[in-house]
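Residue numbers (numbering that gives the first Met the number 0), protein chains in the order written: chain A, 0 to 357; chain B, 0 to 742.
The reader is advised that the hints may include incorrect statements.
With a Cα cut of at most 30 Å, we get these calculated DSS-like pairs of lysine-lysine [said to hold, decoys possible]:
#1 K77/A / K652/B
#2 K115/A / K626/B
#3 K626/B / K109/A
#4 K175/A / K626/B
#5 K652/B / K115/A
#6 K652/B / K73/A
#7 K73/A / K109/A
#8 K73/A / K84/B
#9 K652/B / K109/A
Residues of chain A clear of chain B, computed beta-carbon distances all greater than 10 Å [stated by the list, open to error]:
#10 A26
#11 M62
#12 V180
#13 T256
#14 G275
#15 I305
What the hints contain is simulated information worked out from the structure, not anything from laboratory work.
Quantities reported herein were computed from a predicted structural model and do not represent experimental measurements.
Beta carbons: idealized from backbone N, C-alpha and C, even for Gly.
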Amino acid sequence: MTLTENSNAASVSFENVTKVYGTDVRAVDNISVDIAAGTLVTLLGPSGCGKTTTLRLIAGLEMSTSGTIRIGDKDVTKLPATDRDVSMVFQSYALFPHMTVLENVSYGLKFSGFDKTETKERAMAGLDLVGLSGYGTRLPSELSGGQQQRVAVARALVLEPQVLLFDEPLSNLDAKLRRQVREEIREIQQKLGLTVVYVTHDQEEALAVSDRIIVMNNAVVAQDGTPRELYDAPANRFVADFIGEANILDCEISSVTGDRAKVQLGDYGAELPSRGLASGKALLAVRPNRVIVGKSGMENAIPGEIARFTYVGNHLELTVDTDHGQIFATSTDVDAEFQPGDAVAVTFASKGPVLLGE
Amino acid sequence: MVKPATQKKTAQSTLLTWLIVGWAGFCLVPWYGMEDGFFSFDWLSWGYLFDTDTAPGLFLVFQGEKLWLAPLMVFLAAPIYAVGKARTDASYSKILIICGALGFGWLIAQGFGIGIRGWQFAWLEDLFGPLGDRQFGMGYGGLLVASAFLFVFTQGIAARGAVNGDIFVVGAIGFIIAIVTIFVFYPILSMLGSAFITQENSYSVGVFFEKFTDRRLWGLACLSGGRCGAAWNSLALAILVGALTTILGLIFALVVTRTGFRFKRGLRAMTVLPIITPPFVIGLAIILLFGLSGNVTRFFADLLGIAPSRWVYGLPGILIAQLLAFTPIAFLVLIGVVEGVSPSMEEAAQTLRANKWETFRTVSLPLMRPGLANAFLLGFIESMADFGNPLVLGGNFDVLSTEIFFAIVGAQYDQGRAAVLALVLLAFTLAAFYAQRFWLGKKSYTTMTGKGDAGVHPQLPQGLAIPVFTIAGIWMLFTLTIYVMIVYGSFVELWGVNNALTFKHYLTAFSVKFGEHGVHWSGSAWDSFWTTLQIAAVSAPLTAAVGLVTAYLLTRQNFAGKSAFEFGTMLSFAIPGTVIGVSYILAFNVPPIEITGTGIILVVSFIFRNMPVGVRAGIASMSQLDKSLDESSLTLGANSWQTFLNVILPLLKPAILAALVYSFVRAMTAISAVIFLVSAQYNMATSYIIGRVENNDYGLAIAYSTTLIVVMLIAVGLMQILVGRTNVGRRMGQTRTTVQAGG
Numbered sequence: 000m001t002l003t004e005n006s007n008a009a010s011v012s013f014e015n016v017t018k019v020y021g022t023d024v025r026a027v028d029n030i031s032v033d034i035a036a037g038t039l040v041t042l043l044g045p046s047g048c049g050k051t052t053t054l055r056l057i058a059g060l061e062m063s064t065s066g067t068i069r070i071g072d073k074d075v076t077k078l079p080a081t082d083r084d085v086s087m088v089f090q091s092y093a094l095f096p097h098m099t100v101l102e103n104v105s106y107g108l109k110f111s112g113f114d115k116t117e118t119k120e121r122a123m124a125g126l127d128l129v130g131l132s133g134y135g136t137r138l139p140s141e142l143s144g145g146q147q148q149r150v151a152v153a154r155a156l157v158l159e160p161q162v163l164l165f166d167e168p169l170s171n172l173d174a175k176l177r178r179q180v181r182e183e184i185r186e187i188q189q190k191l192g193l194t195v196v197y198v199t200h201d202q203e204e205a206l207a208v209s210d211r212i213i214v215m216n217n218a219v220v221a222q223d224g225t226p227r228e229l230y231d232a233p234a235n236r237f238v239a240d241f242i243g244e245a246n247i248l249d250c251e252i253s254s255v256t257g258d259r260a261k262v263q264l265g266d267y268g269a270e271l272p273s274r275g276l277a278s279g280k281a282l283l284a285v286r287p288n289r290v291i292v293g294k295s296g297m298e299n300a301i302p303g304e305i306a307r308f309t310y311v312g313n314h315l316e317l318t319v320d321t322d323h324g325q326i327f328a329t330s331t332d333v334d335a336e337f338q339p340g341d342a343v344a345v346t347f348a349s350k351g352p353v354l355l356g357e
Numbered sequence: 000m001v002k003p004a005t006q007k008k009t010a011q012s013t014l015l016t017w018l019i020v021g022w023a024g025f026c027l028v029p030w031y032g033m034e035d036g037f038f039s040f041d042w043l044s045w046g047y048l049f050d051t052d053t054a055p056g057l058f059l060v061f062q063g064e065k066l067w068l069a070p071l072m073v074f075l076a077a078p079i080y081a082v083g084k085a086r087t088d089a090s091y092s093k094i095l096i097i098c099g100a101l102g103f104g105w106l107i108a109q110g111f112g113i114g115i116r117g118w119q120f121a122w123l124e125d126l127f128g129p130l131g132d133r134q135f136g137m138g139y140g141g142l143l144v145a146s147a148f149l150f151v152f153t154q155g156i157a158a159r160g161a162v163n164g165d166i167f168v169v170g171a172i173g174f175i176i177a178i179v180t181i182f183v184f185y186p187i188l189s190m191l192g193s194a195f196i197t198q199e200n201s202y203s204v205g206v207f208f209e210k211f212t213d214r215r216l217w218g219l220a221c222l223s224g225g226r227c228g229a230a231w232n233s234l235a236l237a238i239l240v241g242a243l244t245t246i247l248g249l250i251f252a253l254v255v256t257r258t259g260f261r262f263k264r265g266l267r268a269m270t271v272l273p274i275i276t277p278p279f280v281i282g283l284a285i286i287l288l289f290g291l292s293g294n295v296t297r298f299f300a301d302l303l304g305i306a307p308s309r310w311v312y313g314l315p316g317i318l319i320a321q322l323l324a325f326t327p328i329a330f331l332v333l334i335g336v337v338e339g340v341s342p343s344m345e346e347a348a349q350t351l352r353a354n355k356w357e358t359f360r361t362v363s364l365p366l367m368r369p370g371l372a373n374a375f376l377l378g379f380i381e382s383m384a385d386f387g388n389p390l391v392l393g394g395n396f397d398v399l400s401t402e403i404f405f406a407i408v409g410a411q412y413d414q415g416r417a418a419v420l421a422l423v424l425l426a427f428t429l430a431a432f433y434a435q436r437f438w439l440g441k442k443s444y445t446t447m448t449g450k451g452d453a454g455v456h457p458q459l460p461q462g463l464a465i466p467v468f469t470i471a472g473i474w475m476l477f478t479l480t481i482y483v484m485i486v487y488g489s490f491v492e493l494w495g496v497n498n499a500l501t502f503k504h505y506l507t508a509f510s511v512k513f514g515e516h517g518v519h520w521s522g523s524a525w526d527s528f529w530t531t532l533q534i535a536a537v538s539a540p541l542t543a544a545v546g547l548v549t550a551y552l553l554t555r556q557n558f559a560g561k562s563a564f565e566f567g568t569m570l571s572f573a574i575p576g577t578v579i580g581v582s583y584i585l586a587f588n589v590p591p592i593e594i595t596g597t598g599i600i601l602v603v604s605f606i607f608r609n610m611p612v613g614v615r616a617g618i619a620s621m622s623q624l625d626k627s628l629d630e631s632s633l634t635l636g637a638n639s640w641q642t643f644l645n646v647i648l649p650l651l652k653p654a655i656l657a658a659l660v661y662s663f664v665r666a667m668t669a670i671s672a673v674i675f676l677v678s679a680q681y682n683m684a685t686s687y688i689i690g691r692v693e694n695n696d697y698g699l700a701i702a703y704s705t706t707l708i709v710v711m712l713i714a715v716g717l718m719q720i721l722v723g724r725t726n727v728g729r730r731m732g733q734t735r736t737t738v739q740a741g742g
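Model the full structure from these sequences, guided by the hints.
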């Protein structure tokens with residue numbers, strides 16, 4: 000038998016969920032999110048932001064202090080991990096060291112009421128899916144890190160859970176393997192139509208695998224959207240800074256008409272989506288690859304002086320001192336020659352800059 | 000979506016099981032304890048249901064006897080109503096909690112309220128008038144009904160959502176609290192009570208102070224040539240022993256880990272020997288060497304032409320014996336700590352320009368502080384509680400443990416005095432326990448980070464290595480001599496008088512005759528030998544089980560009152576065996592729990608004496624198991640009991656082995672608590688041997704002790720095979736060997 004599309008996949012919803020440790024440590028603060036069935040959603044944020052706690056709340060390894068958690072249509076707020084139809088792949092893999100690979104993969108099936116032959120069939124199918132068919136009799140310690148990781152995935156997959164959770168699954172793998180395994184995970188998820196919630200602190204990993212990303216900071220959701228939305232239209236300074244790099248510059252909104260705002264930054268002026276901001280001081284976020292560094296005296300640009308110039312093979316990295324602070328830029332025009340101290344002008348691509356509130 | 004349904008079923012069937020157990024206890028088995036003992040089933044014959052001695056509770060009530068048992072039926076009946084209800088129903092938990100608590104409470108209240116002479120308290124008699132009836136200690140019925148109430152109660156608590164609503168965890172917590180309360184706190188409290196009881200059976204504070212301020216307890220006459228009080232003697236001895244064993248233990252640990260010493264394995268093996276030796280055997284060997292007719296004494300007497308003296312009796316003798324007996328314990332504590340100091344810390348210090356000696360003094364030694372404190376505490380408590388050596392070697396040097404014994408069994412028979420002495424002893428050990436905690440404070444001494452650590456420990460500086468070698472060498476030689484003496488002494492006709500070799504002692508103790516009725520165990524020691532083996536074999540697995548479950552709760556679960564829970568379970572560690580012994584006979588001589596003179600009281604006392612070691616061994620190895628192992632098992636659909644069984648236990652085999660071996664060995668060699676609890680029917684090897692020693696029958700005593708040592712070596716080996724190993728591949732190999740060496 001092979002594993003086919005999972006009809007079990009269910010949505011997850013958080014309604015005003017709060018988790019307090021001890022008396023006053025708020026690990027998760029009044030979060031409401033919805034995760035649609037059959038999608039891969041990433042919880043992304045710096046360490047200590049509450050993303051792992053959120054994941055453990057879904058698993059039932061932590062109990063929420065207040066709020067409601069639903070999986071599918073069912074309220075699971077008070078159900079312990081054992082009774083939730085959720086399985087989890089741990090950062091450390093948590094393979095049972097005294098059981099063989101096959102026993103590890105069969106472990107959950109044993110408690111789900113399958114008989115012996117079906118347990119074995121399903122476990123074998125799971126191992127097959129992750130490409131470890133011949134490894135059933137080995138002990139976890141006899142496998143490489145990447146193989147152990149795949150056993151952990153298989154062990155969670157064979158239960159056909161409503162939701163599959165990943166807690167930083169790639170952090171123990173080397174860079175090359177990381178890319179390969181994340182693609183495998185994404186492939187399996189799409190093939191089986193699983194609902195996957197995935198925790199990571201690596202923004203590149205998040206952008207690559209997710210249908211949607213929930214960025215968390217200080218126990219609250221900072222932004223929730225598709226990878227492109229997050230990258231191109233960050234909602235606030237934190238997201239702009241955390242996902243990719245961004246120059247955050249002080250600017251002035253001179254007037255707002257409809258949803259368009261006239262923005263002035265020294266000699267540079269542009270009309271941008273106002274994003275609900277009113278006239279007055281605001282912030283302008285610009286990705287380094289949207290910054291254009293040109294000859295001094297360029298139109299609609301701010302004057303500056305090259306502070307650092309680095310050649311890194313496939314692109315150039317430039318740091319420019321201006322009256323509005325340092326601006327960091329990348330340029331794919333690797334043949335351009337700059338010297339520190341050169342007078343230049345800086346402007347921004349028409350689609351690049353985004354307005355942010357304070 | 001099968002899982003939620005099965006979960007509901009497990010909860011219901013657990014409740015049903017305990018209700019059936021409760022009803023069976025009330026309707027089918029004798030309510031009161033049997034005269035012939037717990038494991039005798041003589042009562043099982045037609046008509047036991049109607050004989051008031053053996054009738055179950057239900058039949059007693061229907062015959063109009065012991066009507067105070069009737070309310071129990073109500074509390075057993077009401078939870079049946081809850082069986083059909085959903086677990087989330089508010090009334091479900093309410094019914095269970097109320098019935099469990101009231102039922103258990105009623106059981107205890109009637110047990111204490113009505114005793115052998117009717118009402119136990121005068122005010123009850125005033126209130127209800129005289130009672131024409133009485134009752135004895137509870138038996139199977141009481142036990143089953145009590146457990147049923149306890150677990151009904153914990154299931155009610157679990158249904159309210161405590162500890163994630165986990166039935167197994169809440170039940171286990173409730174169970175441990177109940178047994179620790181009954182078998183640790185209750186005896187100590189009843190001993191405290193009897194310290195205030197006067198000859199006329201009334202309570203008085205005056206009598207306590209009178210006994211407490213006794214000159215025999217606190218006198219300081221030894222400073223001016225007289226005899227000091229037992230309290231001062233014990234304290235001075237314990238501090239000396241604690242300090243010296245710690246220093247010696249550290250020396251051996253350093254020799255084994257940080258020098259190129261050639262006989263490391265030999266040293267390790269020799270340090271294990273005293274652990275499987277009954278403590279007073281060393282005392283005997285010291286008498287053989289240094290006593291009035293001892294070899295060494297005679298040799299020097301002849302050499303120097305002085306009269307042999309009895310110098311060894313008293314402080315010097317006890318000190319030497321206890322040092323030999325308890326240094327290995329300090330060694331085992333310290334070797335773990337010395338090995339545990341991460342080499343990279345020491346390497347870091349060296350790269351920061353500290354030389355070897357400075358590194359040792361400023362980094363290694365401070366990091367060993369917890370180990371040093373633990374070793375001192377162990378030595379201190381062991382010395383305080385040691386009974387055999389002071390009895391054999393004490394002479395005129397009175398210590399608390401022997402004084403307590405003579406207060407109970409001597410001509411003076413004074414329970415109150417025994418209780419007061421035991422309280423003083425307890426106060427000393429608890430004070431040491433707290434002093435240790437205070438000294439360690441809240442600093443972290445963790446140096447193992449879980450990251451690979453490829454460094455090696457630096458060698459000891461030269462100036463330290465030489466004295467360390469010398470001391471270790473002398474000690475090894477001395478221990479070797481002692482053990483040769485023990486073996487040799489068991490084959491000698493009469494030590495110091497007639498040195499002819501003989502098998503006489505072994506024959507007296509262990510002769511076997513083959514008669515027409517099969518094998519006849521005619522040796523005088525067989526009775527106590529079989530009893531000892533039996534009691535040790537029963538108590539070892541129970542101790543390990545209770546210890547490991549407690550360790551599991553402490554490391555893996557979070558619940559309200561956890562630190563109080565930890566304190567309670569570790570308390571018996573600080574209670575000397577002598578105190579346990581006295582408090583047990585005071586508490587369990589009368590209903591409701593009447594087990595003095597049975598084998599059960601021995602088993603129970605071993606469980607609670609040795610449980611802390613099981614707990615510590617369990618905690619140590621469980622904290623090496625990553626918590627994500629449990630969590631992944633839980634998210635894979637196993638409940639916490641299944642997780643404990645399938646994941647934790649198999650990975651804990653080294654800890655199980657350590658706990659099993661330790662409790663088995665301790666049950667075979669213990670004397671301090673045992674001496675109070677043995678009876679004609681259940682005599683233990685150690686108390687039999689002590690009896691022989693008191694009759695100056697040294698030959699037999701030593702022959703018996705030698706046999707015990709050999710038997711224990713065999714038993715420990717068998718247990719290693721029995722428990723087996725869990726194959727986890729190469730990664731955990733190192734941990735395993737360390738723990739086994741510690742076993």
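Do the hints match the structure? See the list:
no.: 1; hint: K77/A / K652/B; verdict: violated, 34 Å
no.: 2; hint: K115/A / K626/B; verdict: holds, 28 Å
no.: 3; hint: K626/B / K109/A; verdict: holds, 21 Å
no.: 4; hint: K175/A / K626/B; verdict: holds, 29 Å
no.: 5; hint: K652/B / K115/A; verdict: holds, 27 Å
no.: 6; hint: K652/B / K73/A; verdict: violated, 41 Å
no.: 7; hint: K73/A / K109/A; verdict: holds, 24 Å
no.: 8; hint: K73/A / K84/B; verdict: holds, 20 Å
no.: 9; hint: K652/B / K109/A; verdict: holds, 23 Å
no.: 10; hint: A26; verdict: holds, 15 Å
no.: 11; hint: M62; verdict: violated, 6 Å
no.: 12; hint: V180; verdict: holds, 18 Å
no.: 13; hint: T256; verdict: holds, 54 Å
no.: 14; hint: G275; verdict: holds, 41 Å
no.: 15; hint: I305; verdict: holds, 42 Å
Going through the hint list in order, the structure does not satisfy hints 1, 6 and 11.
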